[in-house]
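Same order as they appear, the protein sequences are chains A and B.
First residue of the first sequence? That's 0 in numbering that gives the first Met the number 0, and the numbers climb one at a time after it.
First residue of the second sequence? That's 0 in numbering that gives the first Met the number 0, and the numbers climb one at a time after it.
Because the hints were derived from the structure by calculation, they are not lab data.
A hint or two may mislead.
[What the hints assert, rightly or not] Calculated pairs, BS3-like style, for lysine-lysine (alpha carbon to alpha carbon, straight line, at most 25 Å): (1) A:Lys279 <-> A:Lys314; (2) B:Lys300 <-> B:Lys380; (3) B:Lys71 <-> A:Lys283; (4) A:Lys314 <-> B:Lys400; (5) A:Lys279 <-> A:Lys331; (6) A:Lys314 <-> B:Lys41; (7) A:Lys65 <-> A:Lys55; (8) B:Lys71 <-> A:Lys217.
[As the list claims (entries may be wrong)] If you want the footprint, here are the derived chain B segments under chain A, 3+ residues with CB under 8 Å: (9) 198-211; (10) 350-364.
Idealized CB from N, CA, C, for every residue including glycine.
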Amino acid sequence: MSSSSKKSKRTKAKKKEKKGPGNDSRYFSSTKKGEIAELRRELNSMNEEAVKDAVKKVIASMTVGKDVSALFADVLKRMTTQDTELKKLVYLYIITYARSSPKVVLLSVNSFTKDAKHRSPLIRALVIRTIGCIRLPDVVDYFCPPLAEGLKDPDPYVRKTAAVCVAKLYDISPEAVEEHGFLKTLRSLISDHNAMVVANAVAALAEIAESTSKDVFKITPDMLNKLLAAMNECTEWGQVFILDCLAKYNPTAKQAETVVERVVPRLIHANSAVSMSAVKVIIKYLDVVENTSMRSYVMREKIPNPLITILSGDKPELQYIALRNINLILQKEGKLLDKHVRHFFCKYNDPLYVKLEKLEIMARVASNDNYDKILMELRAYGSEVDEAFVRRAIATIGRIAVKLDGAARKC
Amino acid sequence: MFPNLFVLNSTGEVLIEKHWEEKVPRKVVDLFMEQQLKKERKVDVSPVIETPKLYLIHTRRGDVILLTTVNKETPPLFVIEIHNKIMQVMYHYFGPAINSRTIKENFVLIYHLLDEMVDGGFPFTTDINQLQAMIQPPTIVNKVMATFANSDSVKKALPEGMLTKIPWRRTGVKYHSNEICFDLIEEINCIIERNSNVSVCEVKGSIVCTCRLSGMPDITLTVSHPSLIQDAVLHRCVRINRFRRERVISFVPPDGRFTLLTYFLRGPCQLPIFVRPSINYTNGTGNVNISVGSKMRDQSKTIEDVKVIIPFPKDMLSSNLTTNAGSVTTVETASGPHREVHWVIPRLPKDKTPVLEGSVLFPTGFKPPHRPTLSVQFNAKSWNTSGLQVEGLDVIDVKYKPFRGVRTATRAGNFTVRL
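Produce the entire structure from the sequences given, and follow the hints as far as they go.
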């Protein structure tokens, strides 16, 4: 920290200052008394570059944890700039400090409404995004008209941002949302022809439904088809929302079959969140499916592969979560991973938490066919470095002895 | 869904803080650091930590920690994949060596990126191509332009192709020399027991494509053994239905380098290299004799960058090891109870078998508590275990004739040998 503050003293001469990205650490210099006044002067200067620098300094102080709420009015004045970068920074500041100075936010309503009609969709979406982040119940009413326009905007980027904003607004003031009929508009957005808008509308409705007990989001069979169609086209994150939403729905037998067929291709998605959510949906729906041959085929052939794939990845956090989920799945379908015991063997440089979970699963998967392989492996762990791991390995041997009589002698 | 993100360095200093929902106080960072202090090794902190009111989910890369707190039911893989994506984007923009200094130097750009990637708690644009079109990376050319031409690093308009059916490739790409290269890389993860039996062996293969083609090319790729990639994980650009029906990989590639597909082979596989270790401890000295060699049938192919890592207990006093090929160094590991000996052979010689022999000294009466486990690294070019090869490659929809190249290589993933 001290070296960067020395650097900032040296680079005070504005003409020789290096600008642009990659040199922002100088903004992290320490605050002295009167610096707030100096920042205020810079914010009010005529030179746009100086103003940008000042706002960046303000945000850096925010990040370090200092209180710069006194500069709220001055930063707000800069909102009318035509410079996109400066606008974004000003909005970032507003989002963080709106709670502390609510009356001053009222002054900005005019600029918001003007910007909401800006010809660039990027700016319009930026306005709506910022509206959603100002969590003040008093000003919500002022922001509803621009939001209503955003939901009907011709540009899909703005529409999808508006969908998200409705969910946020509902958090703060559910009555305003219902008064302006936003829920109905959100539901109609599910039939939008752009898949991203659909995904975001679904996510927003799902979030609203979670926070209230009222039945705001009922999936009809018609909607089911639209959701499945949108799933094919939207981004991977949109697929996670839709899959999660499907997981909460209780289907009929016929619906369950169609859904399982359409969701199975998602099992091999590169994003492990998508494949895990797909596994969740399929396991729930397979319970309802009447066709037993389909049920056993999907369960035996399709489900183990993605689970093992996530385990073979190189990121330990993903492995840990996959192992926890496998633990749960095995509680329901014990025989699922019998043939894949070898994948649960611990590698030397796995972190401790992964190794402990693997031991859990080895104990669960142990059966009369594979216990000798498992026992040999556990014996090899006896000579490992980590004490906690070795202790748990020995306990696992004991568990297998209790579980399987034939193994007890070998143990 | 994804309510907030704290980017910390390893001492708990907050570098970047972004909230998309109700603001969470910084005390959670202290909670997290407390958990970290309780563990012996920093990497052993569980990724998901339960506290009375919140769940702390974190990802660690080097000395940068990404931390998110959730108080509602959220799939944790979702949060971790978003962290991974954010790190990937940062690697792309700032280079692979990201540390807390890089983040401090570019925090404004990172705030812009986070704003674009996660919209109000819902992740949206995480595609590198699109982000690059909207927010320019800090390359030298862009920095110069920013200083002289006073242009913004943030574009005013949305990139075209943002919300269309092919969002991973922007239109109007132009290259002077058009080329497309495929790398077939296989990584072997295996555990070899004392008696030279292979107890676990799995191969993770991937086809990585570097695409520098102009326009909107449409590529069709066929491979020699389609049954190997039956259950492969495909990039989103590959047409799934055609793949399932005809086993043909048909796609419009994104610009630049990307992983086309990843497949796994489970079951016995050929190992290109053998390792015969023998380490005996008697009376405070350890006698070491390790030999490695190539098991490849085709003698013209060489194995390069071979590295054997032997962890000895920290109490080791000194070592006296010599080898007839390559070099030996002793490395102190900062954390953990080991001192490691690294044996590096740039190229496996064909005429002799490399042997590492000698002795290591321990304090008298010291009995090593455990047997070491060796890890081995290597790189075998122009060869892969599965025998998968590219058979046909067609580029249509373009007016030029591009240069096409294919390379094969096999590397060691997690290759351990037990004593």
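We went through each hint and held it up to the structure:
1. Between the alpha carbons of Lys279 (chain A) and Lys314 (chain A) the distance comes to roughly 21 Å, so the proposed pair stays at or under 25 Å and holds.
2. For the hint pairing Lys300 (chain B) with Lys380 (chain B), the CA-to-CA distance comes to about 7 Å; that is within 25 Å, so the pair holds.
3. The straight-line distance between the Cα atoms of Lys71 (chain B) and Lys283 (chain A) is roughly 21 Å, inside the 25 Å bound, and the hint therefore holds.
4. With a C-alpha separation of about 39 Å, the suggested pairing of Lys314 (chain A) with Lys400 (chain B) is violated against the 25 Å cut-off.
5. For the suggested pair Lys279 (chain A) and Lys331 (chain A), the alpha carbons sit about 12 Å apart, so the restraint of at most 25 Å is met.
6. For the given pair, Lys314 (chain A) sits about 16 Å from Lys41 (chain B) by alpha-carbon distance, which is consistent with the 25 Å threshold.
7. Between Lys65 (chain A) and Lys55 (chain A) the CA atoms are separated by roughly 14 Å; this keeps the pair inside 25 Å, and the hint holds.
8. As the CA atoms of Lys71 (chain B) and Lys217 (chain A) are separated by approximately 21 Å, the hinted pair is consistent with the 25 Å bound.
9. Counting residues of the region 198-211 of chain B whose CB lies closer than 8 Å to any CB of chain A gives 4, which reaches the minimum of 3, so the coverage claim holds.
10. Counting residues of the region 350-364 of chain B whose C-beta sits closer than 8 Å to any C-beta of chain A gives 0, which falls short of three, so the coverage hint is violated.
Taken one by one, the earlier hints fail for this structure at numbers 4, 10, listed in ascending order.
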